[in-house]
Amino acid sequence: MSVMNSDTRPDVDPAPAGAPDGRGAPGRLSAESLSLGYGERTVVDELSLVIPDGAITVIVGANACGKSTLLRGLARLLKPTAGRAVLDGRAIHQMPTKEVARILGLLPQTAVAPEGVTVVDLVARGRHPHTGLWRRWSDEDDRAVAEALRLTGTLDLAQRNVDELSGGQRQRVWVAMALAQQTDLLLLDEPTTFLDLAHQVELLDVLADLNANRGTTIVMVLHELNLAARYADHLVAMKDGRLVAQGPPGEVVTEELVRDVFGLEARVIPDPVSGTPLVLPLGRRARAAHPQED
Amino acid sequence: MNAVQVAPAPAPHATGVELVRRAARGPVRRRRLVIAGTAVLVLALFAARTLLGDYTITVPDFFRILTGTQIPGASFILMEVKLPRAVLAVLVGFAFGVAGAVFQATLRNPLASPDVIGISAGASASAVVAIVAFGWSGSMVSLAAVVGALGCAVVIRLVAGPGGTHRLVLAGIGLAAAMLSVIHYFFTRADEWDTQLVLRWLTGSVSQANWSQIGVLALILVVLLPLVAWAARGLRVVELGEETAYALGEGPARQALLLVLATLLAAVGVAAAGPVAFVAFLSGPIARFLNAGRTTLLASGFVGAALLVGGDYIGDYAVGNVNFPVGVVTGALGAPFLLWLVATGRTGRRAS
Chain L
627 MSVMNSDTRP DVDPAPAGAP DGRGAPGRLS AESLSLGYGE RTVVDELSLV
677 IPDGAITVIV GANACGKSTL LRGLARLLKP TAGRAVLDGR AIHQMPTKEV
727 ARILGLLPQT AVAPEGVTVV DLVARGRHPH TGLWRRWSDE DDRAVAEALR
777 LTGTLDLAQR NVDELSGGQR QRVWVAMALA QQTDLLLLDE PTTFLDLAHQ
827 VELLDVLADL NANRGTTIVM VLHELNLAAR YADHLVAMKD GRLVAQGPPG
877 EVVTEELVRD VFGLEARVIP DPVSGTPLVL PLGRRARAAH PQED
Chain G
464 MNAVQVAPAP APHATGVELV RRAARGPVRR RRLVIAGTAV LVLALFAART
514 LLGDYTITVP DFFRILTGTQ IPGASFILME VKLPRAVLAV LVGFAFGVAG
564 AVFQATLRNP LASPDVIGIS AGASASAVVA IVAFGWSGSM VSLAAVVGAL
614 GCAVVIRLVA GPGGTHRLVL AGIGLAAAML SVIHYFFTRA DEWDTQLVLR
664 WLTGSVSQAN WSQIGVLALI LVVLLPLVAW AARGLRVVEL GEETAYALGE
714 GPARQALLLV LATLLAAVGV AAAGPVAFVA FLSGPIARFL NAGRTTLLAS
764 GFVGAALLVG GDYIGDYAVG NVNFPVGVVT GALGAPFLLW LVATGRTGRR
814 AS
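Quick mapping for you: the protein sequence lines, in order, are chains L and G. Quick note on this note's numbering: the first sequence kicks off at 627 and runs consecutively. Quick note on this note's numbering: the second sequence kicks off at 464 and runs consecutively.
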């Protein structure tokens with residue numbers, strides 16, 4: 627799993643691979659020469675990628691590199707202009723959308739809480755794909771909602787209005803809604819935006835626990851490279867709509883890659899806490915102070 | 464993050480479920496109360512409208528007339544004037560209330576109701592064109608109104624493009640102004656119009672109600688409302704944003720279908736009683752206010768019906784012997800509410 631050429635088409639196993647530690651195993655979710663765009667503009671260009679089952683995959687890249695667009699394409703929110711996104715061996719755009727919603731969850735950045743909605747009401751809406759004309763609300767739904775609240779530490783907030791919550795609490799409630807959906811795969815678009823560092827770590831720990839305890843496959847777009855390196859099992863670096871590198875963070879995050887993908891001169895050292903790569907930007911000021919480092 | 468608490472270890476699972484159940488119970492009870500309350504209000508206003516006024520009818524007489532007894536004077540006034548007018552007001556008000564609430568919830572903007580964004584005006588304008596320019600009448604006019612409303616909805620969608628509902632509201636307000644000028648233009652060309660008809664297509668009125676028209680409207684609503692109820696099961700996630708709804712299994716096609724059905728509801732309402740100002744715009748927010756901020760279509764429909772029956776009653780009797788069409792009354796109620804929305808900054812939802 628190192629640098630992958632854009633023309634290597636991964637073979638897709640029609641049978642879902644359920645191994646909880648499925649690194650390297652064929653993934654249930656993949657992109658096959660997937661191109662995505664808005665109107666005439668191509669944002670993701672013939673990208674092929676297999677999401678390893680049961681792992682945490684983090685997509686990183688500079689602004690406007692197409693990482694959020696890729697996530698939306700993988701979650702069938704954007705129709706491909708070419709190629710396809712594949713879930714369990716089927717083109718995801720041809721599957722009934724409610725069926726997809728029982729397998730794959732997505733927390734977009736654009737989620738809006740209606741005025742006056744309570745936490746428990748909002749989280750309960752995550753059960754929507756499991757309800758139907760003939761299937762009423764059941765104990766199982768209550769349990770799923772309670773479990774989602776418990777995992778995100780929002781049980782105490784259950785009766786509060788979402789409007790009244792702090793940014794960190796609100797983001798955890800949204801994650802709880804996505805968890806109540808009880809999908810095997812969970813995609814999150816920059817879930818830590820607008821959160822301070824403590825809340826970022828708290829949220830990522832929730833997701834890491836979810837992955838460890840339930841084997842949920844997690845795919846997320848993150849801005850903060852050091853946190854991405856720390857939490858990812860599989861790191862995907864993108865530039866200009868193409869995949870530049872993918873693999874374990876220790877292999878992917880190098881000084882050359884940071885220069886190439888982010889246009890940033892940086893040192894990469896082992897993180898003294900976790901041993902994962904730690905990116906230290908040089909910046910003009912630091913370089914002026916330590917010219918020998920240059 | 465202390466998701467795992469140390470102290471009461473036995474069954475955090477069960478207590479969580481219990482807590483969820485308890486937290487969900489309050490809103491359910493409140494919703495039932497609001498629906499029942501608004502329904503009773505509609506009944507009370509309906510009774511007042513049919514029994515009171517210039518010509519009072521007693522309750523026993525009311526049922527005797529309904530079951531076929533002829534009472535000179537009273538029979539005619541009840542069966543040909545008061546009752547059809549009240550029944551039409553309830554049906555149209557209900558249709559407007561539901562349509563408005565669906566628009567506001569789906570587009571996540573209280574301004575985005577069909578009577579503000581030009582859909583009602585579009586229905587009205589094409590009805591007027593059908594009458595004046597083509598000399599159509601009866602159900603052809605109603606059909607024209609429905610086509611006009613759908614056409615306007617499509618134009619607004621195309622002009623606004625994908626994304627924010629602010630653009631959609633702006634496009635709609637522009638279109639509403641254009642449609643109003645079409646109505647005005649055709650009225651200046653038509654010379655033999657009595658004021659009742661003019662007012663009906665400009666502000667809306669139920670004073671021309673007749674039973675055959677009510678029968679057609681009732682039939683259409685019997686078909687449309689269950690469809691709306693079915694499509695609106697997704698409303699609780701559609702409210703969370705277009706993408707969130709898609710992620711939860713409500714794709715763009717179903718979201719569009721819900722809006723098309725609501726457009727049809729508004730259009731048949733306009734075809735029957737004209738674009739009664741602001742009923743669609745007011746009903747949803749009032750019902751939501753009663754229901755602690757949560758959307759309830761049924762209560763919105765009842766609020767719409769109450770507004771129309773009540774407004775018609777006030778218009779008929781409030782000022783001496785002047786009869787205002789109901790649209791004048793609801794317009795007078797709606798304008799201050801619109802200003803209040805703008806003043807309190809509730810005209811567009813923030814993201815997050």
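None of these hints come from the bench; they were simulated from the model. Keep in mind that the hints are not guaranteed to be accurate.
[What the hints assert, rightly or not] Each pair of labels, with its calculated beta carbon distance range:
#	chain 1	residue 1	chain 2	residue 2	range
1	L	Leu906	G	Val617	34 to 40 angstroms
2	G	Ala755	L	Asp822	42 to 48 angstroms
3	G	Met603	L	Arg728	55 to 61 angstroms
4	G	Arg484	L	Gly901	43 to 49 angstroms
5	L	Asn689	G	Arg620	38 to 44 angstroms
6	L	Arg667	G	Arg652	43 to 49 angstroms
7	L	Trp763	G	Pro625	31 to 37 angstroms
8	G	Met603	L	Gln785	30 to 36 angstroms
9	L	His849	G	Leu804	34 to 40 angstroms
Since the structure is predicted, the reported quantities are computational estimates derived from the model, not experimental observations. Beta carbons: idealized from backbone N, C-alpha and C, even for Gly.
Looking back at the hints listed earlier, which ones does the structure fail to meet?
Of the numbered hints given earlier, those the structure breaks are 1, 2, 3, 5, 8, listed in rising order.
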